[in-house]
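Chain residues, written in single-letter form:
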Amino acid sequence: MSCMEMIDADLLNRIRSQKPLIHNITNVVVTAFTANGLLALGASPVMAYAKEEVADMAKLSQALVLNIGTLQTDVVEAMIIAGKSANRHGVPVIFDPVGVGSTPYRLEMAQKILSEVNVSVIRGNAGEISGLTGQTGLTKGVDAQEEETAGLVENADACAKSFKAVVAMTGKEDLITDGSTHYLVQNGHPLLMKVTGTGCLLSSVLGAFTAVGANHLQAVVTGVAAYGVAGELAAEETGEKGPGSFQTAFLDQLHWVTDKDLQSMARVQKVNP
Amino acid sequence: MSCMEMIDADLLNRIRSQKPLIHNITNVVVTAFTANGLLALGASPVMAYAKEEVADMAKLSQALVLNIGTLQTDVVEAMIIAGKSANRHGVPVIFDPVGVGSTPYRLEMAQKILSEVNVSVIRGNAGEISGLTGQTGLTKGVDAQEEETAGLVENADACAKSFKAVVAMTGKEDLITDGSTHYLVQNGHPLLMKVTGTGCLLSSVLGAFTAVGANHLQAVVTGVAAYGVAGELAAEETGEKGPGSFQTAFLDQLHWVTDKDLQSMARVQKVNP
Amino acid sequence: MSCMEMIDADLLNRIRSQKPLIHNITNVVVTAFTANGLLALGASPVMAYAKEEVADMAKLSQALVLNIGTLQTDVVEAMIIAGKSANRHGVPVIFDPVGVGSTPYRLEMAQKILSEVNVSVIRGNAGEISGLTGQTGLTKGVDAQEEETAGLVENADACAKSFKAVVAMTGKEDLITDGSTHYLVQNGHPLLMKVTGTGCLLSSVLGAFTAVGANHLQAVVTGVAAYGVAGELAAEETGEKGPGSFQTAFLDQLHWVTDKDLQSMARVQKVNP
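Residue numbers (the working numbering), protein chains in the order written: chain A, 1 to 273; chain B, 1 to 273; chain C, 1 to 273.
This is chain A alone, in the form it adopts within the complex (with noise of 0.2 Å):
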């Protein structure tokens, strides 16, 4: 089933004219493609992560995002404050919970920033979402195909209904969902996960689309659409180069990408779990 109705490709031009500040608090491998993919898609980021201004800047913002991907504890406090602050006045928060099933740390300082902070969208992989509410239950082995998404869903919605939240699973094909509705979007290239920090960069983009989107399922399935188009238009131009002219030209197409392009090559339909 098809599902276009849930792309509201005016939000790129959306982005593009009101340059929302998108704060980003966030790991230190990925600060400059992050901020790098943001300007190129027409946003305006700005990082910052001394406890004594991130409530300032987090109010100034039109949307907050953090990520924990190289986490240290003055970070999470100051990740709580700017959290506070944005709840406080509105911003929608982003939360990208990297490799938070790797060690226990991680967890638990996952577990602690979502207490105190109520979020508007999370993403992250299979793994990372069902492990913020501890049903990982992955179905594992090569035949196990079905079984294995049928768990997503759950776990996706768990993780939605859990945090109140709008939780986008992103992989080889993304699960995006409130918590009763379900949609699957399958653009992107597989280059993608051949560049740091293209999953962290995606949080920060779901904070622009969220920035300019009332309506948070919608701009979250249009944001992935459109980051996955970006995606296929650079693959299409740098073809077998690699994965550094592929980095190159995706931050291209991030600029490049219209409202056309989305509406002709975004592949979404509805799950029904």
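Hints may contain errors.
Which copy? The list can't say, so a pair holds if one copy fits it or any two copies do.
Cut-off 30 Å, straight-line C-alpha distance, at most; resulting in silico cross-link-like pairs (BS3-like, lysine-lysine) [said to hold, decoys possible]:
hint, residue 1, residue 2
1, LYS194, LYS59
2, LYS51, LYS194
3, LYS19, LYS194
4, LYS241, LYS19
5, LYS51, LYS112
6, LYS172, LYS59
7, LYS161, LYS59
8, LYS84, LYS112
9, LYS164, LYS270
10, LYS112, LYS59
11, LYS84, LYS51
Calculated directly from the structure, the hints in this document are not laboratory data.
Once you have looked at the hints, place chains B and C on chain A.
Below, chains B and C alone, put in the same frame as chain A:
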């Protein structure tokens, strides 16, 4: 009025033969781009942040660049230690007040640094330079172009006099002043605004020019023009490809830009306020 | 004397099939380039710095890379915790003493780490490797090429014996030794010197080779040669374009370089000191 006597194109050659060591204490977003830009230009970048070593590193260097883009309190302390060491050893200090007006904390920290360290050059956009001395007073509105420029010259002037530094107020056009003489540089390209850290890298590049040019006003005018010329050459190279390709080409052109390019392409004029 | 028996080109294939997890505690300048280089090569990078989680992350990994490029005291503490965990779990540790001779603090911290953690591989330039054991004694002057090389072999030797590690002293040519046998690798390209972090990334790449190759001396010789071959292929690709384009092409070629390229292009010889 043309002012090519303020361009000393030979400084480019001196950077390449002397390879001055530029010590950067900069924000976490632009570290790699700054180092790659300085390397491409022919200088030697070093980054060092620990309180225990910044005095030693600043002493070894030919210029010190302090950039407050992602301040933390312990980094401010390191900046002051490094700055005092640079002052003691005659190493020029370049200060970049990134986003100084956006939060009270940034302004307070910037003023603290400037009260303890003598800086040779301050580079920022109009809002940042004006904010440093509390003289925002920018004329608002689309019909106020002339008054606005007039106000900016006064603000740059006040900043230069207040901190006894050469001020580079950069934007669509770049205004450079030591508080009494004023130059306007009209090089550069709009695509520079689509790559994160091009302002920050310019501050570090001014470190390289100041390291090899005893006349700091001339070194800054020349550095700003050379940087803009490299941007124009890069835009010629990449045309409509987009900001990812431009970033790559800009690093290429920082490597290739010559004294002859600078002599033929620099657009500098004296301003009578 | 040709020593191709020291090249195990199949290690490249093993990295791509096993995708070893490489835990990097590295400097803030090279994080993205390191992660992108490891991804391009086929390995799985992870960065984690918090004291609370580095022991867990190092245990999960197939190699741990410690790089002191932008040291802070709390990072040193995290490095030691991670290193001890790696030692307990048989995970090889690669150490990169960036700029160790430039300040007393760096030397002290490097020695502290090496006194508490057993490292399998140390990679640095001639000054860094020599500095680690206090044996600088490099012959100065342009006419002293032969004595200089002789001195360097002795210094690499002393470092390898002192820390019971394979030492890769890299530069125009790369010297690799376990303290008794010595190999010279003559691959690479001068453009590698114009991109920041190519030394740091090599250290992380040696982590990937060490992760899949039980014979660490052979793994390091092979990794250094493969890295140099990728550099040569990238330089062929970009020619005179400049360091920005070279950086992109180098990431592409880390993805494309094959066991056959390595077998036909590696230049390795045994050295009799």
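Now for the hints, and whether the structure bears them out:
Taking CA atoms no more than 30 Å apart as the test, LYS194 paired with LYS59 passes between copies only; the shortest distance there is 24 Å, against 35 Å inside one copy. In this assembly of identical chains, LYS51 and LYS194 lie within 30 Å of each other by CA distance solely across copies; the values are 28 Å between and 34 Å within a copy. Taking identical chains as interchangeable, the C-alpha atoms of LYS19 and LYS194 lie at most 30 Å apart whether they share a chain (29 Å) or sit on different chains (12 Å). Proximity of LYS241 and LYS19 under a CA criterion of 30 Å is satisfied inter-copy only: 21 Å between copies versus 32 Å inside one chain copy.
When the C-alpha separation of LYS51 and LYS112 is checked against a cutoff of 30 Å, the pair qualifies both within a copy, at 17 Å, and between copies, at 18 Å. With identical chains, the CA atoms of LYS172 and LYS59 are at most 30 Å apart between copies only, with a shortest distance of 28 Å across copies and 35 Å within one. In this assembly of identical chains, the alpha carbons of LYS161 and LYS59 lie at most 30 Å apart only when taken from the same copy (26 Å versus 34 Å across copies). For a Cα distance limit of 30 Å, the shortest separation of LYS84 from LYS112 qualifies both inside one copy, at 13 Å, and across copies, at 28 Å.
For a Cα distance limit of 30 Å, the shortest separation of LYS164 from LYS270 inside one copy, 20 Å, qualifies, whereas the shortest one across copies, 60 Å, does not. Proximity of LYS112 to LYS59 under the C-alpha cut-off of 30 Å is found in both arrangements, the shortest distances being 21 Å within a copy and 24 Å between copies. For the identical chains of this complex, LYS84 and LYS51 are neighbours both inside a copy (12 Å) and across copies (26 Å), given an alpha-carbon limit of 30 Å.
In the structure shown, no violation is registered for any of the earlier numbered hints.
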